[in-house]
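Residue numbers (my numbering), protein chains in the order written: chain B, -15 to 465; chain L, 33 to 451.
Bear in mind the hints are in silico, worked out from the structure with no lab data behind them.
Model, not experiment: these values are computed from the prediction.
Hints may be right or wrong, so weigh each one.
With a Cα cut of at most 20 Å, we get these calculated PhoX-like pairs of lysine-lysine [unchecked claim]: (1) Lys444(B) x Lys359(L); (2) Lys216(B) x Lys355(L); (3) Lys307(L) x Lys219(B); (4) Lys307(L) x Lys142(L); (5) Lys359(L) x Lys120(L); (6) Lys66(L) x Lys132(L); (7) Lys140(L) x Lys368(B); (8) Lys132(L) x Lys368(B).
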Amino acid sequence: MYDFTIIGGGVIGTLIARELSRYEGKVLLVDKENDLGNHATLANSAIIHSGHDPKPGTLKAKLAVEGNALYDQLAKDLDIPLLRTGAYVVAHDDEEINVLNDLIDRAKANSVNDYALLDGDTARKADPNISKTIKKVLSLPSTKVTYPWEIALAAMENALANGAEYRLNYEVKAITQTATHFILENQNGEKLTTHAIINAAGTFADLVAKMVESNVEYTITPRRGEYFVLDKQVKGFIKHILYPVPSNKGKGVLLVPQVHGNILLGPTSNFQDARETVGNHASDLEQIREDANRLADGIPYDLIIRTFAGLRATSTHDDFYIQASKTVKNFYHVAGIDSPGLTAAPAIARYVIDHLLQPKHTLTKKTHFNPIRKKPSVFHTLDKQSQHDLMKQNPLYGHIVCKCERISEAEIIDHINRPCGSSTIKGVKKRARAGSGLCQGGYCESDVLRIISEVKKIDKTRIDYYALNTPILREETKVKK
Amino acid sequence: MKDIVIIGGGAGGLAAALEAFDPSLDIMLVEREKHLGGILNQCIHNGFGLHVFDEELTGPEYAERFIQAFHDKKIPCLMETTILEIRKENDVFLIEASNKQDGLFTIKSKSIVLSSGCYERTRGQIQLPGERPKGIMPAGSAQRYLNIEGYLVGKDVFVLGSGDIGLIMARRMKLEGANVLGVAEIMPYSNGLTRNIVQCLDDYDIPLYLSHTVTDIVGKDCLESITISEVDADFKPIKGSEKQFDVDTLLLSVGLIPDTMVLESMPIALHPKTKGPTVDQTYQTSVEGLFVCGNALHVHDLVDYVTDESKRAGQFAKLFVQKPFKKPPSPIAIEANQNIHYVMPSSINPSVDLDTIHCAYRVTTKAEVGEVTLAQGDHIIKTQKVRFMAPAEMEHLTFTLNDLINHKDPITLTMEVIK
Ligand SMILES: Cc1cc2nc3c(=O)[nH]c(=O)nc-3n(C[C@H](O)[C@H](O)[C@H](O)COP(=O)(O)OP(=O)(O)OC[C@H]3O[C@@H](n4cnc5c(N)ncnc54)[C@H](O)[C@@H]3O)c2cc1C
Ligand SMILES: Cc1cc2nc3c(=O)[nH]c(=O)nc-3n(C[C@H](O)[C@H](O)[C@H](O)COP(=O)(O)OP(=O)(O)OC[C@H]3O[C@@H](n4cnc5c(N)ncnc54)[C@H](O)[C@@H]3O)c2cc1C
């Protein structure tokens, strides 16, 4: 019997698991996928917003501002990257400049006091490729960028070290409430029992809630955002995140420098019914180019190496819906976490403990909670001495598997073996970045496959691309049947 | 300090090394893989060597002849060593290398011949719409899995793009028992060699859909189906022309791009058409002492041409270390005009005199007979009629410095379609 079960292993669920692992009690996180950090957490703009944008007085405003501040400590504790880019919201004409002034009022109301209104030329001095037609920009220096799914992985890894557990490929299909606890059931009829449930199921949160609650107060309609990724050769093309002025469709198409040197262009914003079908659409991709051209001049579209799309869990509630169920005891909603959910995530996790769980459960702090998680070595970024030392321990640091991102065999083995590791091709890509570069795995995929097969001692035809039963290799040709 | 370091042990690197070799010089070849031969090792079909050996060899057989000669000369080579980056400080190249024995280390050299081959354009680069399941991969990757490792990646296959690797793989997968449902090409003509269309598609009844592209991809985890549509003259899909195919594999043969990743921190301009470096007739880039050849320079359809070109690059690298030639302040430009896609080299260094200057070029349109003219202003240097020209086939011509009227006006290459 678990004390708390979290449904959903995105950035929200995993950070809640980590916060809960500060306290006594048995904590379990389940996710229906074959890896953590798979849905919205894998497909977003990676921005830690300043918190200037949400409507004052909302949970979004409060938690975004708090979350932004919490990231500095979180990044230290979990050893995750933060790129302090700052952001410019750009205005081309008087009408847009008026919007900037409204945004300043909002920023003040949200206690975001670090901002400045600059004229176009000043902004262009700092960032020369910003579009010539831009007249004014609102500078928001506290805006930064992170690597979203690494947060989810690092948070879960740290939660594991502090006693929490997780299960993948566990899709909650039914929830039954008894007098004392809940019984969860998955796609194979496997049951789990738990005293309390925290629903962090992203675009599925309302459906999960309906499994126990008869009148769920919100419904979720996924809002798709599509992107281009530019290769890291583009590094330095822009230094700040560029936002257009917001419209009724949201924050609009942005240019976002990434922690590894790439630039993201996107996202678009279109509602759809499907909860997890995230295809790219020619019309969206066209729109990205059109909108992005208003932000910067001479965007090198020939450096596009990938497209992707993500779904925001937009709810009818018009704010994050973070509440204890009004009708089902010990069932907690952390729902409608669309943008700025990544920004707010560390604050959401605290809020869930302080405002939802503390009042209802006796939470006792562990005496030996260790907040620190060390990230695996990224060999090529180390100084010569550390490289030398590591090489002595393991010569496989010298075998470069992914030429584009300079990732060695030893690093890949490390990412397969460590807690929260993965033995799928895409799982390795998410963790080690092998296959994230210019050739998108053309060079290294077969080598990564070999390494997984050797480490896990399983046949190559049983190594999955990502989900269960998605092997890259269908059959061996040289064996006689 | 090395005199010449050759990066890459494929057809290009081997030919360059063989020519650059001289007992008085300290040269070395560096190769990432366990075996020399490069991409040839996975090209087990035949059709290699018709120009160089006047024989039809398989890729590995072709490679073997050079590997043998390379070992006979006892040319030093570092295997299973990846070059990560090249820098130049005080006229010396610093080559960052990595392998299992020595970890990360630096090789110093006076000159470099880069012959690192090419990589395949991916789905992201052509921005295919639809979902992103497993089952979509570059044709060369599938070729590697099949021919080197002995695994079939799928059973029901469609190929997008009529590049040579795609055509070869359509046949290869069919021979291994896969169901190959067709090849779609967005252009109104094929991008592969004519002989490959005939021998790989026609002979196996695999349909070729010209002016078609993939407009949708379905499958959450595994590829389930693709939709192709006909495109109009602006490459926009035509509504109503959709055809759906249930497949587990979509192979992409949508272009190869010179792999010059190791030059990332060098001040080198990439050619807008070839996406490789720009060089003069000595295969020297804008950086003195840095030579590039083979698919790392521009993508070749025939290995024979890689061999010829790389031999010359090797000879020039040797000449460079023995009697350094300077880069001229203003080289003579060679421009691709009417119906010419690009010309390689893109400039001439007039201070290096030699008997023959070799140019490779591609046309932008098909011509049963085309008249190709090399001129300098109004002065016609050379004009020749060429039969069966197509964008997919690389053409060649030669001239000498003596043919020029001066050493400053740009040279132009044009093609007129006669028939
Ligand atoms: C296009 C886009 C751009 C964005 N940009 C930003 C940004 O720049 N800055 C920012 O702050 N925020 C941004 N966001 C928002 C941010 O990404 C999300 O708020 C955040 O990732 C939400 O995390 P999550 O854990 O709630 O959801 P998810 O990551 O979607 O996780 C939910 C998990 O629940 C699992 N699950 C669902 N149903 C079940 C079930 N029945 N059983 C078991 N498991 C289940 C899923 O498999 C999934 O892993 C963006 C979002 C999108 C889509
Ligand atoms: C699938 C396919 C089919 C073909 N079919 C035919 C045909 O039928 N007939 C024909 O005549 N030609 C054919 N060709 C063309 C011809 O074979 C190739 O163009 C030629 O072999 C390329 O030689 P290369 O040396 O330029 O490149 P490669 O053979 O690619 O060699 C590059 C070498 O450099 C190494 N390398 C790369 N980067 C580094 C680094 N950073 N550090 C160390 N080493 C590195 C690689 O491992 C590789 O060994 C075909 C080509 C392909 C790809």
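Going down the list of hints, with the structure as the test:
Of the supplied pair hints, the one linking Lys444(B) and Lys359(L) is violated, its CA atoms being roughly 52 Å apart against a limit of 20 Å. For the proposed pair Lys216(B) and Lys355(L), the alpha carbon gap of about 39 Å is over 20 Å, so the pair is violated. Of the supplied pair hints, the one linking Lys307(L) and Lys219(B) holds, its CA atoms being roughly 19 Å apart against a limit of 20 Å. At most 20 Å may separate the alpha-carbon atoms for a hinted pair to count; Lys307(L) and Lys142(L) exceed this at roughly 26 Å.
Our distance criterion of 20 Å between C-alpha atoms is met by Lys359(L) and Lys120(L), whose separation comes to about 16 Å. Of the supplied pair hints, the one linking Lys66(L) and Lys132(L) holds, its CA atoms being roughly 12 Å apart against a limit of 20 Å. For the hint linking Lys140(L) to Lys368(B), the alpha-carbon distance of about 18 Å falls within 20 Å, and the restraint holds. The hinted pair formed by Lys132(L) and Lys368(B) meets the criterion: a straight-line CA distance of about 16 Å does not exceed 20 Å.
Consistency with the previously given hints fails for numbers 1, 2 and 4, ordered from lowest to highest.
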